[in-house]
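Residue numbers (the numbering used here), protein chains in the order written: chain A, -12 to 341; chain B, -12 to 341.
Treat each hint with caution, since some may be false.
Claimed, not checked - Simulated coverage check for chain A against chain B, where a stretch passes if three residues somewhere in it have a Cβ under 8 angstroms from a Cβ of chain B: (1) 110 to 123; (2) 287 to 299.
As the list claims (entries may be wrong) - Sample of chain B residues with no beta-carbon within 12 angstroms of chain A, all distances over it, derived: (3) T17; (4) A61; (5) M75; (6) V88.
What the hints assert, rightly or not - Listed below are several chain B residues computed to face chain A (Cβ distance under 7 angstroms; list not exhaustive): (7) S22; (8) V39; (9) P43; (10) P68; (11) A84; (12) L89; (13) R321; (14) K337.
Honestly, the hints are just simulated from the structure, not real lab data. Note that the Cβ used here is the ideal one computed from N, Cα and C, for glycine as well.
These are the residues of each chain, in order.
2 protein chains.
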Amino acid sequence: MHLLQQTIDAVAMLDVDATRDAEQRQGQLTKPRGSLGVLEDLSVRLSGIAAVCPPPVPEPAALAIFAADHGVHAQGVTPWPQEVTAQMVANFVAGGAAVNVLARQQHVEVMVVDVGVAADLEPAPALLSRKVRRGTRDLAVEPAMTRDEAVAAVETGIAVARDLVTAGHRCLLTGDMGIANTTASSALVAAFTGASPAETTGRGTGVDDATLRRKVDVVEAALASRPVGDDPLETLASVGGLEHAAIAGYVLGAAARGVPVVLDGVIAGAAALVVQALCPEAVGYCVAGHRSAEPGHTLALAALGLRPLVDLDLRLGEGSGAVLALPLVQASARILREMATFDSAGVTEKEAPA
Amino acid sequence: MHLLQQTIDAVAMLDVDATRDAEQRQGQLTKPRGSLGVLEDLSVRLSGIAAVCPPPVPEPAALAIFAADHGVHAQGVTPWPQEVTAQMVANFVAGGAAVNVLARQQHVEVMVVDVGVAADLEPAPALLSRKVRRGTRDLAVEPAMTRDEAVAAVETGIAVARDLVTAGHRCLLTGDMGIANTTASSALVAAFTGASPAETTGRGTGVDDATLRRKVDVVEAALASRPVGDDPLETLASVGGLEHAAIAGYVLGAAARGVPVVLDGVIAGAAALVVQALCPEAVGYCVAGHRSAEPGHTLALAALGLRPLVDLDLRLGEGSGAVLALPLVQASARILREMATFDSAGVTEKEAPA
C-alpha cells in the first residue's frame, strides 16, 4: 500500500507550457491547421506528458501481457477451457500468438507477467512469475480477491512499469490474457460507470446467446449481492481480476514516471477506470489504442474521455490493439519534431477569411 | 488509349482458391475466429490479390503524389493561393511535409509526379515531370480537360505504377496535391454516385461558410450545364482533375500487375469511382487507407464497398492517410504468415456450443 500511495502521489499534471507550445507549433507546420485531426491533439498531449515540445518519439516501446485466471469461469461464462490461459502464455513465450506477430513488426518488446494463472508455468526468459494467487475466487459467489491481494497485484504492475522505464522503454503498452476476463471487465465497467450489466456485457471472444445471458446474470447478481461503494480498491477486489489490478498499477507506474501508456481493449479500459478513481491525473498519460467490439469498452472510453485510435472490430485482447495503434502514436510525435514550418519551407499561408 | 484498354484487360479477378485457403487458415490460427475483425477480411483479400496463401507482406511500399492545378481555383473555392501547389511540391521534394515524416517512419519511398502544376518546377530526383497541361480549365465554365488530355493523364498514372512495380515495389499508395482539388472531387463523387453536390461537398482544408456555399454552387452549376452520361472518361474530363485521372490510371496499373493499392482520402476515392466505372474488378485491389473528414469521401467509400482502416478526422491529403494505414495492411498479411495454429502451439480450441 505504501508503494501504491507513493506512486499516486508522484503522478504530475501534464505540463501546461509544453502543451501550449505544441498547440502553437501545430499551427506553424506546413499543413492546414487541424488537418491531422486526432493526431494533432495526441501530439499536444505527448508534449504535456514529456513536459517538452516537441516531445520525444515514444520509443522504444514495451508490452507487458498480464495473465491470470478467473474463478468465475466455473459459471460457464465462456466456451474456452481455463487451461487455455496457460497454453496461450506458452504461445506468447514461443512467439506464435497474434500479438507477437504484431509486436515484431513494430519492434515492441513483449514480456508476460503471471499475476495469477491457475497452473504452474514453465520458466522462460520472457515470463515474469509474480503470481499473487492461482486465479481469483468466483466473483459470482464471493469477492474475487481480498483487498490485500488486489493491492499486491496493483503493486506488481507498478513495479513492472518502473522496471521497464528503468530499462529504457519510453512507451508502455498494456496486454492481458485470462479466460473469462471479459466477465470481470463487464462487472468493473458497470460498477464504475453506473451502466447496467446488460449494457456493459458483450460476447467476448465469441459466446452464444445463452452464454451471453449467463454472463449478464452473473454480473447482475454479483453487483446486487455486494453493492459497490466509493472505495475503488474494494470494488476492484470484489469483481475484478488480478490482471485488471496489475494493469491499473502498470498505468499508474508509467504515469508516475512520465511515460505514455497505450491501452489495449476492454480489460485495459476497465482497469483504467480503477486508475481514474484512484488518481484522475493519470488518465492524461493514457492513449486509447483501439475500440474493441465489446460494448463495455465504448462505455469505459466515454467515461475516461479517450478517443480510440484504431476501430477495426478487434476483440482479441493480448495487447493487439495497443500494438496496432503504436505507429499512430509515434507518428503524432514525429510530426511535431520533423515537419517544416510555413516560414522554413517558404509556403504561403492561406488568406484570412474576408 | 491503347495502353489504357490493355491495362483494363489485364486486371484479373481475385484468386478464388487463395481466398478460400486464407479463410480456412484464419480459422486455424491461435485466436478466436473473427477476433482480428477487419484485418482478417483484409488478409483474405491480400491472398486473393497475390493468388497465394499466405500472401507476401506488401512491402516495399511506394507513394506517388500526383500534383496538378485546377482552373476552378478562379471561382474562389479555397482560401489558399494556387502557388501553394508548387510550393508544396518543393516541400515534398525537400522532405518537410507531413507525408514525408510519415513515410520515413514507415519506410515508404515517396515520389512526386507533376501531371499538371500551373508553374515551372525545379527539377529534382524525386520529381517526375509528366505535365499534361498547366492546370485544368475552369470546370465551372467549360470541360476541365479534353478527353485526350484525360486519357493522357490516366496513362501517365498507369506508367508510374508499372515502373514502381518493375522497380520492386509490392504495395502502391496514392497521394495528391492540388489546391482546389476537393471541389473537383466533390463533382466527381456527385456524378458517379448520384448524390447531390450539397451532400458531396465539404470544407476541404478548412473553408468558411461562404466559400463552402460557393463550392456547392460551382459543382451544381457544372453538373447542370454539362450533364454526365454513361462515359466515365467523359465525366472525368468534364469535372475532374489531372491528378484524379492519373490516380485512376495508377490504381488500374497496380491492379493489372497484381499489386494492392492503398487509397488515401477523398481525391483517391473520387478517382477510384472512375476506376470502378471502367473496370469493376480493379476495386478488389484497393484498400481504403482512411476515412477523410470530407463528406464526399464517405459516399465514395460506400459506393466502392470499402471500409477504411484509419478514421481520425484527417483532411490533409498528400497520401498521409494511406501511409498511416500501411502498417495495418502489412500486419494483416503478417498474421497469416507468422501466427501459430492451434495444432502447432498445442492450444485447446473452444468447445462447440451445446
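So, going through the hints one by one against the coordinates:
1. 110 to 123: violated (count 0)
2. 287 to 299: holds (count 4)
3. T17: Given a closest Cβ separation of 6 angstroms, the condition is violated.
4. A61: holds (15 angstroms)
5. M75: violated (6 angstroms)
6. V88: violated (4 angstroms)
7. S22: holds (4 angstroms)
8. V39: violated (18 angstroms)
9. P43: Given a least distance of 14 angstroms, the restraint on P43/B is violated.
10. P68: holds (5 angstroms)
11. A84: This interface hint holds because 6 angstroms falls under the 7 angstroms limit.
12. L89: holds (6 angstroms)
13. R321: Holds: closest Cβ of chain A sits about 5 angstroms from R321/B, inside 7 angstroms.
14. K337: holds (4 angstroms)
Checked against the numbered hints above, the structure violates hints 1, 3, 5, 6, 8 and 9; every other hint is satisfied.
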